[in-house]
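Enquirer: What follows is the residue order along each chain.
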Amino acid sequence: MANITRSPWLLHYDGSSCNGCDIEVLACLTPVYDAERLGVMNTGDPMQADIFLITGGINEQNRPTVKQLYDQMPSPKVVVAVGVCACTGGIFKECYNILGGADTTIPVDIYVPGCAARPEAIIDGIVKAVALFQKRSDDYKAKVKEKKKAGK
Amino acid sequence: MNNGVIYAILYILLAPLIGGLLEGIDRKISARMQRRVGPPLLQPFYDVIKLFNKETISVDSAQTFLLLTYFVLMVVTGVMFFSGSDILMCFFVLSTAATFLYFAGVITSSPYSSIGAQRELIQMMAYEPAVLLTCVGFYLAAGSFNVREIAGTDISYILFLPGFFIAFVFILTIKMRKSPFDTSTPHHMHQELVKGITTEMGSKNLALFQITEWYENVFLMGVICLFIVNSSWISLIVSVIVFLIVYFVEILIDNTNARMKWADMLTITWIVTFFSAGVNLVVLMVIR
Ligand code: SF4
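As they're listed, the protein sequences go chains A and B.
For the first sequence, this note's numbering begins at 1 and goes up steadily by one.
For the second sequence, this note's numbering begins at 153 and goes up steadily by one.
So that you can see chain A by itself, here it is in the shape it has in the complex (with noise of 0.2 Å):
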């Protein structure tokens, strides 16, 4: 199976959150922790992501972008909460807009704790999601091997 460890996109997206998530993921790409030397590269386009970084709730308003930006991800691909607002709703979650956290729409593989989420739990978070891709990766290529058997 190839190895598609080394190269995995980040597709960023902010849910309701306060915004401090979001500067702590951007940290991670600064000089200072420099994720792209892992690969890691943030891409504004869902077509050409493996790694959905989510940060903050859901509500109602942004579920159907949430929902939409995940469906047009080509698979395989991983789904990282970034922040307690984003697992579970943090300090959010009696508001009465917020539905809960990320896992309320779509399927959430690893969930960051933090508020904010610290830069190297976002790394750590992001490595963790790199060797579960590959895992999907593989998958995903037994499927459609086992698809075009099925087929002939």
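Read the hints as simulated data drawn from the structure, not as lab findings.
Note that this is a predicted model, so its numbers are computed, not measured.
Take the hints with a grain of salt, since some may be wrong.
To be verified - In silico SDA-like links for lysine to any residue, alpha-carbon gap of 25 Å or less:
hint : chain 1 : residue 1 : chain 2 : residue 2
1    : B       : K356      : B       : S213
2    : A       : K141      : B       : T216
3    : B       : K356      : A       : A150
4    : B       : K356      : A       : W9
5    : A       : K128      : B       : L193
6    : A       : K145      : A       : Q72
7    : A       : K148      : B       : V211
8    : A       : K148      : B       : A359
9    : A       : K128      : A       : Y33
10   : A       : K149      : B       : E207
11   : B       : K356      : A       : D138
12   : A       : K148      : B       : L194
13   : B       : K356      : A       : V144
14   : B       : K413      : B       : V258
15   : A       : K141      : B       : Q362
16   : B       : K356      : A       : A142
17   : A       : K147      : B       : T208
18   : A       : K147      : B       : K356
19   : A       : K93       : A       : I106
20   : A       : K128      : B       : V189
21   : A       : K143      : A       : Q68
22   : A       : K145      : A       : D71
23   : A       : K148      : B       : S355
24   : A       : K141      : B       : I201
25   : B       : K356      : B       : P192
26   : A       : K145      : B       : L360
27   : A       : K128      : B       : F197
28   : A       : K141      : A       : T5
29   : A       : K145      : B       : F197
30   : B       : K180      : B       : S331
31   : A       : K143      : B       : V211
32   : A       : K141      : B       : L360
33   : A       : K67       : B       : P192
34   : A       : K128      : A       : T43
35   : A       : K147      : B       : K413
36   : A       : K145      : A       : P74
37   : A       : K149      : A       : D139
38   : B       : K356      : B       : V189
39   : B       : K356      : A       : D139
Given the structure of chain A, go ahead and fit chain B with the ligand onto it with the hints provided.
Expert: Same frame as chain A, but now just chain B with the ligand:
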């Protein structure tokens, strides 16, 4: 004749490797300029391998066909150039290839990629005069459009064509999608149009686009070398050194400039073309 065929085959086989490696070096140097560690040297290859392993979602099935045509025409351009045929013809095929890229952008009817595609056309408008003038310059200096004849003489034509060389290096920034002229699609991630013309290209299509870019870069570097190369073998080494310097200058420009508006790009490119290549042209016509 035989030599030409060998060069053409070498181009087909080696261009993606050289192109990918050059991009890897580019990203490494860019990272060092920003005081980062940067990705590994082979990162572009990792990216392309990954893209080939992803599910294909295409908005329009014709897009794959258009991109394939873009790819094939680009390879044909390079093959024609390295096998030593007409340089004018090479650039015509290159422009045709770029047109197919434009169609691949607009066919998805996504606003981002459509605007990116339109900017691609504007970029073509910006660099096309310099490209055509370069061909004319070669003709005036060498008396032939034929690449083999231009490369086979005893003198390096850069002595006659310094202005053309400057103009060509200038438009190389556009062709290589480097800042400040990367309006249609950025060579790096993010820009205001998401990914510009490549926004709707995912997985295999994007990989194809990437490999085509590598072919194109190697071809353009070949043109740079053509300014230097003559019949002696030392000129070959000199031309490689010159092209590495040019590449480094492009990276430097990329990292020290912010993106420009298209109108500024058009004016500046045309002014540079007019004053360096145009003046050179007049001088050449007088002395020849
Ligand atoms: S987890 Fe904290 S820092 Fe992050 S979005 Fe929520 S409130 Fe803001």
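Enquirer: Next, verify each hint and record whether it holds.
Expert: Verification of the hints:
In summary, the hint linking K356 (chain B) to S213 (chain B) is supported, as the alpha carbons are separated by about 12 Å, within the 25 Å threshold. For the proposed pair K141 (chain A) and T216 (chain B), the alpha carbon gap of about 21 Å is at most 25 Å, so the pair holds. The straight-line distance between the Cα atoms of K356 (chain B) and A150 (chain A) is roughly 24 Å, inside the 25 Å bound, and the hint therefore holds. Simply put, K356 (chain B) and W9 (chain A) have alpha-carbon atoms about 15 Å apart, close enough for the 25 Å limit, and the pair holds.
Proposed proximity of K128 (chain A) and L193 (chain B) is supported: the alpha carbons are some 23 Å apart, at most 25 Å. Under the criterion of a C-alpha separation no larger than 25 Å, the hint pairing K145 (chain A) with Q72 (chain A) is consistent with the structure, at around 23 Å. Restraint check for K148 (chain A) and V211 (chain B): satisfied, since their Cα atoms lie roughly 23 Å apart, inside the 25 Å limit. Only pairs whose Cα atoms come within 25 Å are accepted, and K148 (chain A) paired with A359 (chain B) is accepted, the gap being roughly 23 Å.
With a CA separation close to 17 Å, the supplied pair K128 (chain A) and Y33 (chain A) stays within the 25 Å bound. Between K149 (chain A) and E207 (chain B) the alpha-carbon distance is near 18 Å, which keeps this suggested pair within the 25 Å criterion. Between K356 (chain B) and D138 (chain A), the direct Cα distance comes to roughly 17 Å. Compliance with the 25 Å bound is thereby established for this hinted pair. Restraint check: the Cα-Cα separation between K148 (chain A) and L194 (chain B) comes to about 32 Å, which exceeds 25 Å; the hinted pair is violated.
Between K356 (chain B) and V144 (chain A), the direct Cα distance comes to roughly 15 Å. Compliance with the 25 Å bound is thereby established for this hinted pair. For a cut-off of 25 Å, the pair hint linking K413 (chain B) to V258 (chain B) stands: about 21 Å separates their Cα positions. This hinted pair checks out: K141 (chain A) and Q362 (chain B) have alpha carbons roughly 23 Å apart, not beyond 25 Å. Under the criterion of a C-alpha separation no larger than 25 Å, the hint pairing K356 (chain B) with A142 (chain A) is consistent with the structure, at around 18 Å.
This hinted pair checks out: K147 (chain A) and T208 (chain B) have alpha carbons roughly 15 Å apart, not beyond 25 Å. As the CA atoms of K147 (chain A) and K356 (chain B) are separated by approximately 19 Å, the hinted pair is consistent with the 25 Å bound. The hinted pair formed by K93 (chain A) and I106 (chain A) meets the criterion: a straight-line CA distance of about 17 Å does not exceed 25 Å. This hinted pair checks out: K128 (chain A) and V189 (chain B) have alpha carbons roughly 21 Å apart, not beyond 25 Å.
Taken as a hint, the K143 (chain A) and Q68 (chain A) pair is honoured in the structure, with Cα atoms around 24 Å apart against an allowance of 25 Å. Restraint check for K145 (chain A) and D71 (chain A): the C-alpha separation of about 22 Å stays at or below 25 Å, so the hint holds. Between K148 (chain A) and S355 (chain B) the CA atoms are separated by roughly 19 Å; this keeps the pair inside 25 Å, and the hint holds. With a CA separation close to 14 Å, the supplied pair K141 (chain A) and I201 (chain B) stays within the 25 Å bound.
For the suggested pair K356 (chain B) and P192 (chain B), the alpha carbons sit about 22 Å apart, so the restraint of at most 25 Å is met. Taking the CA atoms of K145 (chain A) and L360 (chain B), the gap is about 22 Å. The hint holds against a cut of 25 Å. Taking the CA atoms of K128 (chain A) and F197 (chain B), the gap is about 22 Å. The hint holds against a cut of 25 Å. Restraint check for K141 (chain A) and T5 (chain A): the C-alpha separation of about 15 Å stays at or below 25 Å, so the hint holds.
For a cut-off of 25 Å, the pair hint linking K145 (chain A) to F197 (chain B) stands: about 24 Å separates their Cα positions. Between K180 (chain B) and S331 (chain B) the CA atoms are separated by roughly 17 Å; this keeps the pair inside 25 Å, and the hint holds. As the CA atoms of K143 (chain A) and V211 (chain B) are separated by approximately 23 Å, the hinted pair is consistent with the 25 Å bound. Between the alpha carbons of K141 (chain A) and L360 (chain B) the distance comes to roughly 20 Å, so the proposed pair stays at or under 25 Å and holds.
Between K67 (chain A) and P192 (chain B) the CA atoms are separated by roughly 34 Å; this puts the pair beyond 25 Å, and the hint is violated. Simply put, K128 (chain A) and T43 (chain A) have alpha-carbon atoms about 19 Å apart, close enough for the 25 Å limit, and the pair holds. Only pairs whose Cα atoms come within 25 Å are accepted, and K147 (chain A) paired with K413 (chain B) is rejected, the gap being roughly 49 Å. Between K145 (chain A) and P74 (chain A) the alpha-carbon distance is near 17 Å, which keeps this suggested pair within the 25 Å criterion.
Simply put, K149 (chain A) and D139 (chain A) have alpha-carbon atoms about 15 Å apart, close enough for the 25 Å limit, and the pair holds. For the suggested pair K356 (chain B) and V189 (chain B), the alpha carbons sit about 29 Å apart, so the restraint of at most 25 Å is broken. At roughly 19 Å between alpha-carbon atoms, K356 (chain B) and D139 (chain A) fall within 25 Å of each other, so this suggested pair holds.
Of the numbered hints listed earlier, those contradicted by the structure are 12, 33, 35 and 38.
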